[in-house]
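> Generate coordinates for the entire structure from the input sequences, incorporating the hints supplied.
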Amino acid sequence: MPAPTPEHPSRRLPRLLLILAAALLIARVATGVWESRHPRPTASAVRWRSLPQGVAESRETGKPVLYDFTAEWCGPCQMLNKEVFANPGDAQRIEALFVPVRVQDREREDGHNPAWVDSLQRHYRITGFPMLVVQGPDGGEPVVIDGYGGDREGELQSLARAAATVRTPRLRLQLPGPGNTR
Amino acid sequence: MNYTLVFAFLRQRLASPLRVILVAVVAGFPLLAMLAAGGSLSTLGNSYFLALIVSAGLIGQDVSNGTLQLLFARPVSRPSYVLSRWFGATLGAGALIVLELALGAAAMALHHDPPTPGDVGVFLANGVLMAAGAAAVVTLASSLVTGLGDLGLLLVAWLLGLTLPQIGMARGWSWMVFTGEQLQHLVWPQLDVGTLVSRGFSWHDLTVYLSTVIGSLAIAVVAVNRRELSYASANA
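Here the protein sequences come in this chain order: A and B.
As numbered in the working numbering, residues 1 to 182 make up the first sequence, in order.
As numbered in the working numbering, residues 1 to 236 make up the second sequence, in order.
The set of hints was computed from the structure by calculation and includes no laboratory data.
Note that the coordinates shown come from a computational prediction; the quantities given were computed from them, not determined experimentally.
Worth double-checking, as some hints may not be accurate.
To be verified - Computed, partial: chain A to chain B, Cβ under 7 Å: (1) S10; (2) R11; (3) R12; (4) L16; (5) A27; (6) R37; (7) D151; (8) E153.
Stated by the list, open to error - Straight-line distance between alpha carbons at most 25 Å, and here's what the computed SDA-like set of lysine to any residue pairs gives: (9) A:K82 <-> B:V128; (10) A:K82 <-> B:S40; (11) A:K82 <-> A:E153; (12) A:K63 <-> B:F201; (13) A:K82 <-> B:V76; (14) A:K82 <-> B:S174; (15) A:K82 <-> B:F201.
Note that the Cβ used here is the ideal one computed from N, Cα and C, for glycine as well.
This is how it looks when you write it as structure tokens:
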């Protein structure tokens, strides 16, 4: 870019930058439309247990149960699944600490939930999604991690703290987390 | 790119005691915690905030204090000025992230738990991408308002990005959810290398990041091109 002179003032139209910005904007829209029509599989890498399996395994191994209260329509839940549960490394860390049980809300889709889902939601006073509840094998007060705001490492740290907390009975701990929806 | 402007920007930032103190607080406390009790690289301060501290007011303050009027009396083009400021901010924040990473890795090694090369690579790549993205967005905001008004603009956009999706979801307005999500992408431009590696490459994630960065810089250049500067004006 030549230096401006009095005949050529400091204003310059950055044609290349504008063309590049426009091309990227078009590419952004096009790839967004493409990926929404051809979604990549974001299958969870966590091996979720059924409720009876999870409770039995928790008693057997002494690991706390991790309940994932989630719903298909909930954006932050999908983000949590995509960024944490679908990540093989994170899934391994989660399975090393917990016995994971997924509790999927179907009220909006089906008009009602299976009885065990309703019962767990009432028991843990679930008011929004996503909500992770860590429950020690001997009962006691659970640790609740409320919401997900996109901080993957923060979420993993909260889970590690929760695993350590439920080993010693204490007051119900409510850990804050943005992005909760209901 | 004008490297004289890049280095002048870095010297200007280093000479600001407030920014040096803020950087020391944001990066220093997590490092001290790691030194005392160990931890992982995620304990370190957020690269976004380091970039924000380095880049806040990067054009607006030049407008407020009259530097821009003087600068454009010299043979410097406006696009070159804007891109040099952005590059300087990215370089400054990138250098802080590298320094923070080196000290954090040393603290972890002292606790006999050094980070793996993979973790170091992902942290560094994410940090530098975040710094470049945040600096671009601050460049855009700073080209529109004077002084440190860019921080206010980003705060408003961030709050809207948080609340609009919630309202949209509650009312079933998908356009509002979409607008909120785009604002989040704008305020917090991020390309998570770890997720790309573990979940497979996504062209959309890449184009969202690149279009935010390049688009912000392009609009900033246009805004600075259109700005009328006058010695007679109080706030130009």
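> Does each hint hold? Answer for all of them.
Hint by hint, here is what the structure shows:
With its C-beta approaching chain B no nearer than about 5 Å, S10 (chain A) sits inside the 7 Å limit, and its interface hint holds. With a least beta-carbon distance of about 5 Å to chain B, the hint placing R11 (chain A) at the interface is held under the 7 Å criterion. Taking 7 Å as the C-beta cut-off, the interface hint given for R12 (chain A) holds, the closest approach to chain B being about 5 Å. For L16 (chain A), the shortest C-beta to C-beta distance to chain B is roughly 10 Å, which exceeds 7 Å, and the interface hint is violated.
The interface hint given for A27 (chain A) is met, as the beta carbon of that residue sits about 4 Å from the closest beta carbon of chain B, less than 7 Å. Using the Cβ-Cβ criterion of 7 Å, the hint placing R37 (chain A) at the interface with chain B is not satisfied: the shortest such distance is roughly 12 Å. A distance limit of 7 Å between C-beta atoms decides the matter here; for D151 (chain A) the minimum to chain B is near 9 Å, and the interface restraint is violated. At about 3 Å, the closest approach between the beta carbon of E153 (chain A) and any beta carbon in chain B falls short of 7 Å, and the interface hint on this residue holds.
Taken as a hint, the K82 (chain A) and V128 (chain B) pair is honoured in the structure, with Cα atoms around 23 Å apart against an allowance of 25 Å. Restraint check: the Cα-Cα separation between K82 (chain A) and S40 (chain B) comes to about 22 Å, which is no more than 25 Å; the hinted pair holds. Of the supplied pair hints, the one linking K82 (chain A) and E153 (chain A) holds, its CA atoms being roughly 14 Å apart against a limit of 25 Å. At most 25 Å may separate the alpha-carbon atoms for a hinted pair to count; K63 (chain A) and F201 (chain B) exceed this at roughly 35 Å.
About 46 Å separates the Cα atoms of K82 (chain A) and V76 (chain B), which puts this hinted pair outside 25 Å; it is violated. Restraint check for K82 (chain A) and S174 (chain B): the C-alpha separation of about 21 Å stays at or below 25 Å, so the hint holds. Only pairs whose Cα atoms come within 25 Å are accepted, and K82 (chain A) paired with F201 (chain B) is accepted, the gap being roughly 13 Å.
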